[in-house]
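K.L.:
Given only the sequences and the hints, what does the whole structure look like? Please build it.
As a plain string of letters, each chain reads:
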Amino acid sequence: MSHIVIDENRCKACYLCIKECPKNLIKVSDKTNNLGANIVEFCDPEHKCIGCAMCATRCPDLAITEVYRG
Amino acid sequence: MVAECVENKKVLIKGNFAIAQAAINAGCECYFGYPITPQSEIGEFMSGKMQELGRAYVSAESELAAINMVLGACSTGVKAMSSSSSCAVALMQEALSYATADELPVVLVSVMRGGPGLGNIYPSQGDYFQSTKGGGNGDYKLIVLAPSTVQECADLTYKAFYLAQKYKNPTVLLADGLLGQMMEPVEFKPYPYPEIDNSSWALTGAKGRDGRIIRSYAPLADNQCEFLEKLYEKYRKIEENETEWEEIGTEDADIVLVSFGSTSRNVKTAAKLCRQKGLKVGVFRPITLFPFPNKRLNELADRVKKFITVEVNMGQMVNDVKLAVNGKAPVELIHKGVGAPPSPEDIMSQIEELI
Amino acid sequence: MATQVFKIADTFRKDAKYTFCPGCDHGVAIRLVAEVLDELGLRDNAIVAAAIGCSVTIYDFLNIDALESPHGRAMAEATGIKRARPDKFVFTYQGDGDFASIGLAESMHAALRGEKLSAICINNTTYGMTGGQLGPTTLVGQVTTTSPTGRNLEYYGYPIKIAEHIALCDGTAFSARVSLDTVANIRKAKQAIKKAFEVQMKGLGFGFVEILSSCPTNWRMTPEQAHDRVRNEMMEVFKPGIYKDITEN
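Protein chains in written order, with this note's numbering: chain A, 1 to 70; chain B, 1 to 355; chain C, 1 to 249.
Rather than coming from a laboratory, the hints here were simulated on the basis of the structure.
Just to be clear, a hint being listed does not mean it is correct.
Stretches of chain B that chain C covers, calculated by requiring three or more beta carbons in the stretch to come under 8 Å of a beta carbon on chain C [said to hold, decoys possible]:
1) 24 to 35
2) 76 to 85
3) 90 to 101
4) 201 to 214
Straight-line distance between alpha carbons at most 20 Å, and here's what the computed SDA-like set of lysine to any residue pairs gives [stated by the list, open to error]:
5) Lys17/C with Arg212/B
6) Lys14/C with Gly136/B
7) Lys48/A with Asn24/A
8) Lys19/A with Ala184/C
9) Lys19/A with Arg231/C
10) Lys88/C with Gly211/B
These numbers come from a predicted model, not from an experiment.
Think of the CB as a built atom: it goes at the ideal place given N, C-alpha and C, for glycine as much as any other residue.
P.N.:
Here it is, written out as structure tokens:
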């Protein structure tokens with residue numbers, strides 16, 4: 001199943017990934033990390049992720065550390 | 001053009017060529033330079049010889065680039081050097097400060113000419129401060145070796161490479177236009193020092209290990225304090241082990257003439273002339289300007305009635321002699337701003353005036 | 001069974017976290033360099049000459065041998081490294097101020113000599129680490145902390161088009177300008193970095209990539225606005241493209 005892995009403590013809340021996702025699967029979380037940033041979270045209950053890795057390619061902080069396709 | 005140098009045989013050779021040949025004998029793998037009188041022969045010699053030997057020579061776009069290329073080459077653990085003079089050595093000060101902080105075994109030959117500014121191409125000792133006190137930023141020391149003959153130009157070039165490697169500290173061979181341009185017979189002995197193993201720190205590509213970082217950037221104050229203490233511990237060790245000087249007739253001397261480099265040649269003759277007149281004059285010649293022979297000068301000051309430094313500048317080393325003597329005896333200065341050193345007769349008559 | 005299509009490059013230092021401001025494209029550029037080093041198998045043989053400015057921290061993130069250089073002198077350091085060890089893969093990672101202002105002589109002459117080196121230059125039209133002053137690439141009209149009423153030509157002169165200048169040097173094998181404003185352009189940027197590295201590996205000459213990047217903090221913009229600026233303002237003046245590629249002839 002296609003999915004991404006987010007390292008919460010790398011996220012700096014720039015939110016560039018949110019716009020990048022063609023399926024709108026990334027959103028701002030209520031949770032904060034050790035930087036005090038409202039991090040992003042991956043929400044894909046319907047398994048819409050296609051593993052395109054656009055989010056990881058865009059992320060300037062390597063916070064999206066893994067992307068799987070298939 | 002260039003005397004062919006054969007080890008264990010005396011050849012008549014210019015100081016600049018002797019330095020270059022010695023660097024090659026010492027195993028210098030890379031030379032980076034930019035022309036400036038009175039040391040341009042070093043680069044000229046190197047340009048042909050290094051290529052012939054399959055070593056690196058780069059005509060750098062500036063002295064800034066040249067010295068930084070030396071830092072780059074040294075970071076990989078090879079012996080590398082540049083040579084320059086006064087106003088152009090001024091351009092290298094930043095890189096020398098970095099090299100002390102990065103602990104890189106840089107060798108720089110500084111063949112002094114007249115200053116300040118463009119000055120002129122006559123011999124001078126006006127860069128005693130530049131080399132021993134540094135024009136770069138921060139707390140650091142360069143090891144400084146001062147030859148007085150062409151033979152010493154060769155021998156101390158060997159030593160400069162050795163000390164630079166041994167202590168991972170930039171080392172300056174401080175010659176002047178007189179030594180660079182004069183010819184004397186020289187015997188090129190094989191490089192007499194052991195090779196230093198650089199494999200624990202040199203940049204060679206991180207195969208089988210983590211990447212090494214050679215840097216001076218210390219974002220935290222505590223890091224920097226710790227580093228400086230370590231650096232100065234190294235300088236104390238250098239002072240303990242490597243201080244070198246020459247003494248002539250100091251055993252019974254009332255007056256000791258202190259002089260370094262080419263100027264000390266006429267000073268030695270002047271001392272002889274004084275002895276002929278019945279004056280008890282000795283000569284003290286620091287060979288390492290850092291480390292400076294403070295301790296020995298201070299010992300001599302217990303007995304010596306007067307120290308007179310003789311320099312071709314407006315009085316630079318005299319300050320270090322005063323610090324070393326620490327008030328135990330008066331320290332006077334005989335000097336000439338720039339040019340060939342004062343003649344022995346001239347020095348003697350000035351000594352007579354001072355006593 | 002899902003296949004992994006993205007991971008952190010092996011060349012990246014384990015557990016290292018970027019210290020750049022949120023949205024800064026340095027993180028993307030360094031990641032691309034790490035990925036290319038991985039893909040070309042260069043990690044074990046690479047030495048980077050780091051520069052001064054935000055770019056200096058590259059050695060905190062790449063697990064390769066690195067030498068810090070005084071401001072502007074990275075290309076001289078790299079020349080020294082390469083001449084001493086011609087078998088090593090040597091590159092620099094510099095900002096525009098480092099590469100094209102204080103270090104312009106070193107950069108141009110390395111290209112003119114045809115040094116077998118690769119250089120990555122981050123162009124964000126400002127001095128980032130020192131707080132957003134006018135730099136060699138600051139656009140006409142751009143407000144910075146040292147051009148408070150904007151860069152006017154009469155007073156400050158013109159910005160430099162780096163990739164074009166480097167392409168003019170006969171020793172240059174590859175010179176390109178890329179942008180990190182979109183994912184598509186990020187992918188193109190990676191190809192350009194790869195090419196700049198390959199020309200060194202093949203001994204063809206100097207390889208250069210100028211990367212148009214955002215500096216949201218000093219531009220006083222959100223990360224998204226900053227990318228819009230890269231696209232709408234920077235790319236209008238600094239046209240992306242390959243300005244020289246001797247492998248194409």
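K.L.:
Next, verify each hint and record whether it holds.
P.N.:
Structure-based check of each hint:
| no. | hint | in the structure |
| --- | --- | --- |
| 1 | 24 to 35 | holds (count 3) |
| 2 | 76 to 85 | holds (count 3) |
| 3 | 90 to 101 | holds (count 3) |
| 4 | 201 to 214 | holds (count 11) |
| 5 | Lys17/C with Arg212/B | holds (18 Å) |
| 6 | Lys14/C with Gly136/B | violated (36 Å) |
| 7 | Lys48/A with Asn24/A | holds (9 Å) |
| 8 | Lys19/A with Ala184/C | holds (14 Å) |
| 9 | Lys19/A with Arg231/C | holds (16 Å) |
| 10 | Lys88/C with Gly211/B | holds (14 Å) |
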